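2 protein chains.
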Amino acid sequence: MSKTIVKPSILPGFMELTPPEQILFNQMMDTIRKNYEKFGFLPIDTPLIEKSEVLLAKGGGETEKQIYQVVKGSTEMSLRFDLTVPLARYVAQYYSQLNFPYRRYHIGKVYRGERNQKGRFREFYQADIDIIGNGSLDIVNDAEIPSVIYSTFKDLGFDEFTIKMNNRKILSGFFNSLGIEDVQLILRSVDKLEKIGIEKVKDELLESGITKEQIEKILEFITIKGNNDEIIQALNDLEIDNEIFNEGVDELKTVLKYLRLFGVPEGNFKVDLTIARGLDYYTGTVYETFLDKYPSIGSVCSGGRYDDLASYYTKQKLPGVGISIGLTRLFYQLMEAKIISPEDASLTQVLIIPMEGYLDEGIKLGANLRDIGINTQVYLEETKLGKKFNYGDKLKIPYVIVVGEEEKKSGVYPLRDMKTGEQEMYKLEDLINVLNNDK
Amino acid sequence: MSKTIVKPSILPGFMELTPPEQILFNQMMDTIRKNYEKFGFLPIDTPLIEKSEVLLAKGGGETEKQIYQVVKGSTEMSLRFDLTVPLARYVAQYYSQLNFPYRRYHIGKVYRGERNQKGRFREFYQADIDIIGNGSLDIVNDAEIPSVIYSTFKDLGFDEFTIKMNNRKILSGFFNSLGIEDVQLILRSVDKLEKIGIEKVKDELLESGITKEQIEKILEFITIKGNNDEIIQALNDLEIDNEIFNEGVDELKTVLKYLRLFGVPEGNFKVDLTIARGLDYYTGTVYETFLDKYPSIGSVCSGGRYDDLASYYTKQKLPGVGISIGLTRLFYQLMEAKIISPEDASLTQVLIIPMEGYLDEGIKLGANLRDIGINTQVYLEETKLGKKFNYGDKLKIPYVIVVGEEEKKSGVYPLRDMKTGEQEMYKLEDLINVLNNDK
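Residue numbers (the numbering used here), protein chains in the order written: chain U, 11 to 449; chain F, 11 to 449.
Incorrect hints may appear among the rest.
[Unchecked claim] Just some of the chain F residues that point at chain U, by a computed CB distance under 10 angstroms:
id: 1; residue: MET25
id: 2; residue: PRO29
id: 3; residue: ASP55
id: 4; residue: VAL150
id: 5; residue: GLU346
id: 6; residue: ALA347
id: 7; residue: LEU361
Just so you know, these hints were derived from the structure itself, not from any lab. Model, not experiment: these values are computed from the prediction. We put the beta carbon where it would ideally sit given N, CA and C, even for glycine.
Based on the sequences and whatever the hints tell you, model everything.
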């Protein structure tokens, strides 16, 4: 029976990893999850498919163009494009069963049919945390969110990273004080400062009908320099008579105070008045996180405060604050920059290689090691010894134990360190200690 | 601004859990994953969307009718309906980068547009392991697979479960020896034995043109009684002169021998000659797993040996053996039968409740506890003390520490056990020990 062979391939823009890469990716995911749980965030897992009517309740904009539709039966369905809309739907739907402030984390895949380009993925993991209040939510939460991110990135092995912060109220209050109503317009230009430079931003603003005087004041404002406290001082010194502006400065000051109490070192957070974050969603504190040595990677973790999470699904007012790690993109960038490498990634600690005729002993030893929590594979195929060793080598399994006649008789096993090539003899009970200490 | 409110709801046939249920579900998933890794299985994560051409290479049958199509651009795409087809595609695609025997585990969601009924889900998790050989794969692997399942279900908290086993070669060899060519026909009826009873199976077989004599022999065969070794003996005693049959009996005998060596107790596996498992996929050993006290739940974990994993994608011969836990359905059934309950599910160990004016102290204590690995939430909102305690109670957080003037002065903290209501005083260093021991 001859079959037609279909070329095995995946869709463009989808990430798929080799086994050692996958081990590394999962370790990152586990570290993020562990940190989210450390701060009392609760897990959630929502369907990847939702009713289009629900998912697109907000409607319009770029999002709708990027949607993957799902077809089966007559209901209009779509794949989720972020984890925030499902959260809003979930909180509205289970409102009476949740305890507020409701802290949830969600690590899951989302789908966006973006233009295909290197480093951009159409299926990618987001790792989100949000704290949702019922009616109100204290500003201290805005300090805890970046402290979770600090803890997470430390555990991911980074030391030099900066959580940049701003407050949207400072921006809109300031622009209002200049008599500029269309704050969005300015923010859109300010947001591009890093990308296109100060001169081009000036040109854009002029074209938008902002006067030269106003532009000078705007540039003076967004280039305020100094450490965190100096920036707050400089903002106060502006003596701007605008309620929103002053509310924003007070909030930012409070966030800085509590960030320190949450144990985040001064070197890892920085007020940056050019951080604006999108256009219509965030209403207060905003965050972006950068790896100091790799600025070209861009923000690896962003978020902020919003007034009302679920206004499309409920009349309950649900303010919140949250942040999201774009895990797939982060992993890809770290791999590309060779900041991480799957070189020695192995979950299996020991490979047992039975000599011909001693499979039974190998299997029994494997069961003993697993019983005390050592991840152990027994090589079960009949083949040459060299091929068995080669297998362990390729899988980067750190230890090999060969089992044969002598080991069966003596109960003493040779533990070979596959990196150094060194081999030491151990009784079973000692083997257990050595391997447990090495975990 | 008045918005139209969209009713927040999910699609029928999709499972979504409350926070405590989700904690319990994740714990099950973690236990499964830990066990899979203990035996040297490597993680994989494939896209949920694949090219329809690839996913449906095999084509035909029920599967195709249940497919969720995905629409975006011109490529025909579908959601995966199991984890085996993506595995086949993956192994064919990355053949040269994989080390064989390739052991992989995959825990992920799959999609089937089944008729909507209680306990059936259209989006559900599968938790699969497979061992794939390059050209050949030793029969010993057929014994290791159920030993992983034994280890997993033990760790999930079950004692009384039975992994039922058979070998398809025994079935087809036996039927061939009776002169019956259409083995599938018989298997389809035999498969229904549990459901419809022996008399109806007889009727079905008669209608299919099987003679009364043949039926008597079939029934005699499938009702062979005894312990595992007695069944093997009885099969030998049949003295059937059929190569396939005898190969099957030998394989089953070998699997039984090694299952014992892998440490699976005699009470947890049982040869059952009525287990047939589907129709055209499995070629040797087959498994189904039942919870002894809850037979109505049906098989909670099934699989078997196949000759050729990826014949639609490659000419390489890739025999394998694997098994799958239908995790979503299992969770649902265990909840329905009240075998598991999310009653006390909490990931957070301590809730710190700051008295009015002592938020700073609360936050600092929280940071200290987290530093030594205690999952700790600080209650950050300003509200009445009773409401704060109530919050901890509802979230089932086991310990509460109230922090106020006295605690700030003395550095001694009251640890309240929320289950017993008892409270003891500890210095920070002792608190750490007590909580670490309690984890």
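Here is how each hint holds up against the structure:
Checking MET25 (chain F) against chain U: minimum C-beta separation of about 8 angstroms stays under 10 angstroms; hint holds. Below 10 angstroms, beta-carbon pairs count as interface contacts, and PRO29 (chain F) has one with chain U at about 4 angstroms; its hint therefore holds. Below 10 angstroms, beta-carbon pairs count as interface contacts, and ASP55 (chain F) has one with chain U at about 6 angstroms; its hint therefore holds. For VAL150 (chain F), the suggested interface contact is upheld, since its CB lies about 5 angstroms from the closest CB of chain U, less than 10 angstroms.
Interface restraint check for GLU346 (chain F): the shortest CB-CB distance to chain U comes to about 19 angstroms, outside 10 angstroms, so the restraint is violated. The criterion of a C-beta within 10 angstroms of any C-beta in chain U is not met by ALA347 (chain F), whose closest approach is roughly 22 angstroms, and the hint is violated. A distance limit of 10 angstroms between C-beta atoms decides the matter here; for LEU361 (chain F) the minimum to chain U is near 8 angstroms, and the interface restraint holds.
In terms of the numbered hints stated before, the structure departs from hints 5, 6, listed from lowest to highest.
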